[in-house]
Structures are given as C-alpha cells and as structure tokens.
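Enquirer: Hey, can you work out the whole structure from these sequences and the hints?
Here is what each chain is made of, one letter per residue.
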Amino acid sequence: MREVLVLVDHVDGAVSKPTTELLTIARRLGEPAAVFIGSAEDADDTALKTLKTFGAEKIYTVEDADFRQFLVAPKAEVLAQLVQQVSPVAVLVASGAEGKEIAGRLAIKTGSGLITDAVDVQGDGDSAVTTQSVFAGSYTVRAKVTTGTSIITVKPNAATPEQAEGAGAQQAVQVEISEGAKGARITASEPRRSSGRPDLSEAAIVVAGGRGTGGKFESIEEFADALGGAVGASRAVVDAGWYPHSYQIGQTGKTVSPQLYIAAGISGAIQHRAGMQTSKTIVAINKDEEAPLFELVDFGVVGDLHSVLPAATEEVNKRKG
Amino acid sequence: MNIVVCVKYVPDATADRHFESDSTVDREGVDGLLSELDEYPVEQALRIKEQQDDEVQVTVLTVGPDDASDAIRKALQMGADKGVHVSDEAIAGSDSIGTSLVLAEAIKKLEHDLVMCGMASTDGSMGVLPAMLAERLGLPALTLASEVEYDAGRVRIRRDGDTATQTVEGTTPVLVSVTDQSGEARYPSFKGIMAAKKKPVETWTLSDIGVSEDQVGLSTAWSQVMATEPRPPRTQGEVVADEDGSGATKLADFLASRKFI
Ligand SMILES: Cc1cc2nc3c(=O)[nH]c(=O)nc-3n(C[C@H](O)[C@H](O)[C@H](O)COP(=O)(O)OP(=O)(O)OC[C@H]3O[C@@H](n4cnc5c(N)ncnc54)[C@H](O)[C@@H]3O)c2cc1C
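Chains as they are written, first to last, in the working numbering: chain A, 1 to 321; chain B, 322 to 582.
Read the hints as simulated data drawn from the structure, not as lab findings. Quick reminder that beta carbons are idealized off the backbone N, C-alpha and C, glycines included. Nothing false has been slipped in among the hints.
Derived lysine to any residue pairs resembling SDA-like cross-links, with alpha carbons at most 20 Å apart:
1. A/Lys182 with B/Thr492
2. B/Lys430 with B/Pro494
3. A/Lys318 with B/Thr570
Derived coverage of chain A by chain B (criterion: at least 3 residues anywhere in the stretch with Cβ under 8 Å from a Cβ of chain B; other residues may be distant):
4. 93 to 104
5. 141 to 150
6. 278 to 292
Expert: Right, dumping it as structure tokens:
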C-alpha cells in the first residue's frame, strides 16, 4: 500500500488532536506515515506512542536544530524531499495558518494540486475526494487533485480520532535545507498565556460574545466554564480591544465547527457566520429579535445577555449537581 | 525602492454568491470591489512610502477581468503610484496555482524590493497565495503580519500565532502578507481621487509576461471540482422571549434535552 504522509502538529512534543484526526483519515487512503519535525527531546516516547496508537505505520523523525528559528519554508522543503523519496498518495496537513503556508509551498515545489480546508476526505480508488464548505458555509464542494500528489489541508474536527495500533517504525531522515529557505528568521517569540480552557478550533462547545457584552466578558467565560467550553469573540470585540485577536471567530479569525455554538450579543454579520455556520447546534442570545443570527439558530433567547447568561450559568451548575 | 502590492478584485461578500454550471464562481451578476483584505497591504505600503526619505514607488498589480481595473483605481486613489493589470481571457477559471504563476511572472518584470499581499481573498479565501507566490519568486515570506516595520532594506513584522506572538525578520527582496489587524486603511481623499485619474495603468496580456495559455485557466487546474451543492438552509428553531427571567431556564432545558448538560 502506498504511504500517506501526515505532518505532525505539536508543541514541544505534545501531539495535537487534529494530528490524530489526520492519521485516522490517512488510513482511508493508504498507509499512514507520520512526519515529526522537532528536537530529539520533542520526539519522546509519549509523542511516538500517540502517533502509533492512532495508526502510524511509519514515523519519520526530522531533527530541526538547524532550522527551527526560520518560518515555514524549511518544513516545506522537508516534506518535498520526503515526497520525492516515497511518492505518497497524499500529504495531509492541519489547516492552520502555518499548515496552509507549508502546503502552498509544497504544491509549487512538487508540481501538485492543492485542496485547502477540507471538512471531510474519503478514498475513492486511487484518489482522495475532499469535501469543502465555501461561501460562508452556504455551499458544499467535492473535489480531488488531478496533478501530482494530493496535497490536502484538513480542518479540525473533520474526523473522530479512532485508535488503530500501527507498527510505528521509526526512521530518522536527514534533510538538506537550502539557504533560500532561511530568509525569514524568528528573532523573538512570546508564548501565549494558556487560558486553561479547551482550544477554540478544537472545542466541542464554544461560547462567543459580541459587541453586546459591552466588554464585560466574565459572564461569557463563566458560562463557557459551566459547559466546559471554549470562549470566542466577534471582530467588534477584538477591534475594541476587549479580547485578544486569537479568539476571533469569522472570516479573518478562526473557523469553528463545534457540536454547540452559543453566541451572546452577536448580530450575525456574514463575515462572522463564515466562521461558525457549520456548527452542529447553534444558540443565540440577543436583545434584538431581528438580529440576523436568529435565522440560523436551533434555539434562541430574545433578552438581555447581562441577565440571561448569569442566570443560565447558575441553572447549568445547579443541574450538573 | 519599489513596492509591488498584489490586489484582487472580488465580488461583494454581502451579495449572494453562487456557482456557474462549470463550477467557477459567478462573477457577472455581482458588484465587485477591491478586496477589503487587500486594502491593508496597500495601506502598509503607503505608510512605508511616507516614512522613507528616498523615493518609493508603489505599484499595484492585479490579475482579473476588465472590471478588475476598479480595484487598481481604488488603490491609486488611496495613494499608490501606478497600476498593472494582467488581463487575458485564457486566465479565467485559474486556481491559485495558475494565478500565482501569472502574478509571479508579472512581478519578475517589475522592479521589486518588497512584494506585499493581503492575508487571504474575501471570496476564495484559500489564504495560500502569498506562500505560493514567495515559492515561485524564490523569496522569503514574512506572513500574516499584524505590524510591519521597514528600515534600510530590513523588514521586521509581528505575527500573532495561536501559540505565540513572534517577531520575524528578513531583508529585501522579501514578500510580506498583512492581516486586518495591521492598521485601518485610509479612505481616498478628494485630491487622491482626482490625482488617480492621471496615474499610469498598464494592461498586460499573457504573452507580455511570457506565460502560455496552456499553463493557466480552468482546464489546466491541478485540482478538479466534482460537484457543488448548496447547503440546505438551516431551519430556525424555537426562539423564546426572556420574560421574568424564564429565558435562562428554557435555555438550560434546551441544552439538557440535547445532552449538553
Ligand atoms: C473584510 C472583513 C472581515 C471581517 N471579519 C470578521 C470576522 O472574522 N469575525 C467577525 O465577527 N466579524 C468580522 N467582520 C465584521 C463584521 O462585518 C461585523 O462588523 C461584526 O461581526 C459585528 O460584531 P458584533 O456582532 O459583535 O457587533 P454588532 O453587529 O454591533 O452586534 C451587536 C449585537 O449585540 C446585540 N446586543 C447589544 N446589547 C445587548 C445585550 N445587552 N444583550 C443581548 N444582546 C445585545 C445587538 O442587538 C446586536 O445584534 C469583518 C468585516 C470585514 C469587512
């Protein structure tokens, strides 16, 4: 069976959930082979075991000491060299900002077609058929790559990670990184403070606040915590400086597709919808019954979020017992 | 110094968008404009121009149908110096692979110390074009900048990633893509609008940039759309009014009925 390369997304060796989703998808297309770029300490037993547990038959490890301080381009070179060596059926990359850049460069380097932001990938004979959600979620598109290797970036939650023990044969790969790929140097990096809540793009429940909060996000956070969810925000909130940009949902922020999306004080502009329209269940709280977001809801409350949210938090906490 | 800003002409996002029978986007029935996300790199280019003592020439480059000259005009009104419009029927239906080829070959014909792009288009929104373009031009890419500083051939950006905020540096020639967090784009002034009328705009065809017809267009795309389907519209569920605080209880009932509690 031909290999399917999965670029492992990790922070200091902690393998992300989307990576386990990619491995699950890879099994539909061929033989999953994980590509782990990082230091020897990062590629520890826990990391390798996770990859194996979710089906990696092979694990290529690439020591990145020489190129860790450069943005994106070296990783694309690593993948291009592997594509040359193993002629995989497909290369799967998580759809974050970095993943898309790597995939874009890789497509050009290898003369391959690229499909981004797949919400589903299925095998069909020798090819990978993707499903994408476009135009603010109003259309579904099925597509496949016709030239070169299928390079696909996949959104979080595109598959439920399923365990299936793989052989996990480890192979250290030597790569040559060109000088040209070392032109964008990271000179400082300040890790983001963790909120202790689930990651926004991966969360099963998201509670988002808009301009209607007036900047008081405590009630949003408390409701999110009662439900075990992540916190999100509209751009109006981010522009006002009330909450960091990394929490923005929409066209120029994150796209989320949780089981449950709760919006409080968000009107539902098209650019906001683009980031949440594919959520399974949608709930809105807004004092204006004409707010466009109500058109999408499974349940809505017309009322003042400043009273509804604290009361609902209390009610949820009480029922959880 | 020379800055080339790549801009796209897009259908208005607030209008209804749909697919043609050949699975390309219908751009006919919808009003177009300069992609709002491409106003940001124009703005950053103009700010660099204003800060430099040396002469800085800002060229806006677009690939697209005849109407796409509207996008160039808007950038010229904002303050860019000249425009280049690559227009050729053969380009219609190109994917990002084809479009990046056309842009790259056009840029090679222009002097460029800095190539600037928006973070994504407001229509296709793949967000991969800057990376593809950098790859084709052999340039380093400082991407998703929320802050751009230029000083004597060195560019430094701030990049707000998911796990960290980074400072990334490079030297010209370099490509920079900027986000909508980089600073409000200016509105054209009356003076700017009048001045734009006299600014030069060149129109190039594929043969002007040495790209052959069989390298671009729908039929040579490296991926193929098999089917497009409108998503069934969501049907509105129950919407209750919060009378005497009943909203919270009803909300909790709903969440419990869907097993979220
Ligand atoms: C190129 C571009 C990209 C964009 N990208 C994004 C994006 O990624 N994400 C995004 O969100 N937006 C984006 N926008 C902006 C978008 O168009 C809207 O301006 C924005 O989403 C509005 O945010 P909002 O709903 O919080 O604010 P508003 O539209 O002002 O809505 C506030 C809502 O709160 C309600 N409200 C007020 N007080 C209360 C109360 N006490 N209780 C209950 N309800 C109350 C009001 O009735 C109103 O419906 C983008 C715009 C452009 C042009």
